[in-house]
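Position chain B against the provided structure of chain A, taking the given hints into account.
These protein sequence lines are chains A and B, in that order. According to the numbering used here, the first sequence is numbered sequentially starting from 1. According to the numbering used here, the second sequence is numbered sequentially starting from 1001.
These aren't lab readings, by the way, just hints derived from the structure by calculation. Ideal Cβ positions, reconstructed from N, Cα and C, are used throughout, including at glycine. A portion of the hints provided could be inaccurate.
[Claimed, not checked] Sample of chain A residues facing chain B (criterion: CB under 10 Å; computed from the structure): (1) D120; (2) L310; (3) N345; (4) Y447.
So you can see what is in the structure, the chains are spelled out below.
Protein chains: 2
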Amino acid sequence: MKLEVSKIESCSVFKNFKIEKISKVQQKKIVNNIFLKKISDMLGWLDVIDVREENLNNIEKFACQIRKKYKNFVVLGIGGSALGVKTLKHAFFDSIHKKEKIKTFVCDNIDSDGFISLLDALDLKKTIFNVITKSGSTSETLAQMSVVLKLLSDKKIKADKHIIVTTTKDNDLYQFAIKNNFKVFDIPKDVGGRFSVFSNVGIVPCAIMGLNIKELLSGAKMARENAKKYDYTNISYTSAYINYKALEKGFTNLVFMPYSDRLMLVSDYFAQLWAESLGKKFNRSGEEIFSGQTPIKALGVTDQHSQLQLYTEGPRDKIFMFLKVQEKIFDFTLDYDIPFMKKLNNIELSTLLNSEFFATRLSLSSLDIPNYSIIIDKIDEKNMGSLLFYLQMTTAFMGEMMEIDAYNQNGVEQSKVYTKASLGFEGLNEQKRLIEDFRKTQKLIGY
Amino acid sequence: MKLEVSKIESCSVFKNFKIEKISKVQQKKIVNNIFLKKISDMLGWLDVIDVREENLNNIEKFACQIRKKYKNFVVLGIGGSALGVKTLKHAFFDSIHKKEKIKTFVCDNIDSDGFISLLDALDLKKTIFNVITKSGSTSETLAQMSVVLKLLSDKKIKADKHIIVTTTKDNDLYQFAIKNNFKVFDIPKDVGGRFSVFSNVGIVPCAIMGLNIKELLSGAKMARENAKKYDYTNISYTSAYINYKALEKGFTNLVFMPYSDRLMLVSDYFAQLWAESLGKKFNRSGEEIFSGQTPIKALGVTDQHSQLQLYTEGPRDKIFMFLKVQEKIFDFTLDYDIPFMKKLNNIELSTLLNSEFFATRLSLSSLDIPNYSIIIDKIDEKNMGSLLFYLQMTTAFMGEMMEIDAYNQNGVEQSKVYTKASLGFEGLNEQKRLIEDFRKTQKLIGY
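With the rest of the complex left out, here is chain A (with noise of 0.2 Å):
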């Protein structure tokens, strides 16, 4: 895995930035805390790639099993519990319409529309669910398995031989589970949601559907050990450091582009990351300081047809991170004799790719906006689980520069209080009179 920096060094904004001289003390400082203070204690998922060899055989042997007795494989989850597997099955399976090893869904909403209509269509008694949930109290994987476990029961399907629950030890989900006979998975307390893809909540699903998490796992030892150098040459320091410069000059918005259609949803999985950890009102020490880069998802080339002219001609408070594969599992010559197109004639179709992706790449540059890659040789587990790794790497970093803790969402639980306001569950006296104010204030127009 490669970082490439070169014209982002030369942005005005950096006045001449060169990446050799970023303060070795300072990084000195930062990647201990994180790996010898562990200033937080929600660092696990540093720890949890060092998996024992025996464990990871007795879940591929598992895995194994599972594909020779079910025909669909449904995961039941949402956020961290479903983007890492996501991600992986799109980029090993969708993205090349390669059959898949066994018929795999990543449920992540509870839309009635999109959940109920693919149960219909599944034949259950051929169908495996995971169950996925760090508290084993998320609201809407629990009702989606309510869901599953009416219908297997209408159908009269035991429900033990169907579903897989994957939780930390000793919650009211894990005692269920147990009590219910189900195959149990369970996620250490240390490790947070949005940072547990190389954990059972990913490497069980990615074992399941026949990915190799041995190579998953090597990967991210090496994007672990890049991680460690005390120098410019540690890529995810490297790139949290120029995210961090950018924003400190007011780049509030970082575009996440990878030109590869099956690395689509890392954006997805790096959206997470970013939002979710670096999103905070208060600092350490707390200050009120509403900090944040704003993730924005994008796809080259795709996206040049939709987004490149913001990007150029809009706001400067962008800054870009690219993704590119080098090697392509299919490539075409262009050789067919279109005569007003000679101009595209005897080239291959990655060079297209390749070509555009560099001149968007110039032509930010051009235009002093800042912008660096990311580049993998090609997309294997290997790589995969180098690049995810790399990713919460340089998450983790950017949130010592802020001087923010990056493991916590409390944002989001004003909104959970809402819900169960709405839902009318007991107490919630105040929260229940501003929705009834809201209700009775409803102003709509239309036609």
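Structure of chain B alone, referenced to chain A:
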């Protein structure tokens, strides 16, 4: 279709804003600029929805024949030539797991892994392609066409039975298509790509997919009628006005967030309209303004577990546009007895979704963050036509308020020139020098 604005009126940034008080004089001028004075020569999209019944019947007859003859239908296009059809395909088929009347693929990228692997998987004898490019010179789409023509020729399949071309009359592609006996549909010169879903660009593929195009157009007409009104009940104008006021106050980002799986891609459709139309370096008077409001795509409830933390505690630079559907096709009563989640018992799954939608709105409002909602009764062709046309009108009104030309896209030209230079086209020596310079100074770090 309804616009819900109650809470935005009490946002402190708007200082007791009342939609009834929007200046009618100004509104009349802007509405007339568009509908009567035709301030741009690219306003053909306003009238393209008035297709003669006979023409629609012919398209439907043609579509019906296609469905009888072929198993697969592949759209080749990018940007405005693909987004409308992609959005509607998702709303009516993919997201509710509904069997398509003809298996449809919208190819809007040139990543060879994605595109070539798809063609590899299809039986070309049973496949019809619709090549869509207004200019007839879009490199990505022509490259796709070149691949398809080569494959057909290799397999000794006569191309004229497998290609439909949609382009502007008399350009090179049009001539090429006529010469090769391809079926051709034309696009009016005064309809830009991102405003073209109701022209043959969108209508022909929708008819082939089996959607009711008459209803689609009738919905669009309802939105147009509403947009001619001179007061606040003109919901496109009122929406644009709110966004414009927000932008003036520093809300440079607009989060577009449907609470509906089926409407997920409406975000992509809107994002193109909003970004390409409003991201402009100059206003109509030639002053440098670097204007625009960055569209951010989100999905409820899913992104409550990914982006909401940033929305509530991050930078106060976002206004929110929600999208809500009243009726569901599928629903489910949660009544399986799970001891530790009794609170979720005896409610509909849709009630949970609605409560969360309500809660998100209320949380944002209680934090003084501006937000409003578009509400449609149900997802059918009429409502989808109405919704997409409403979004076009809102964009057009916003452009007038900002005093910019919403119909050009000069900002992407430079990138096209660099692509040509990078591909080795003749001339372009200055650009080639810049590319060489870049290649020489390329700085890569990593592992």
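Here's how the hints hold up against the structure:
Of the supplied interface hints, the one on D120/A holds, with its beta-carbon coming within about 7 Å of a beta-carbon of chain B, less than 10 Å. This hint holds: L310/A has a C-beta 3 Å from the nearest C-beta of chain B, less than the 10 Å allowed. Using the Cβ-Cβ criterion of 10 Å, the hint placing N345/A at the interface with chain B is satisfied: the shortest such distance is roughly 8 Å. At its closest, the beta carbon of Y447/A sits 5 Å from a beta carbon of chain B; the interface hint therefore holds under the 10 Å criterion.
In this structure, none of the earlier numbered hints is contradicted; all agree with it.
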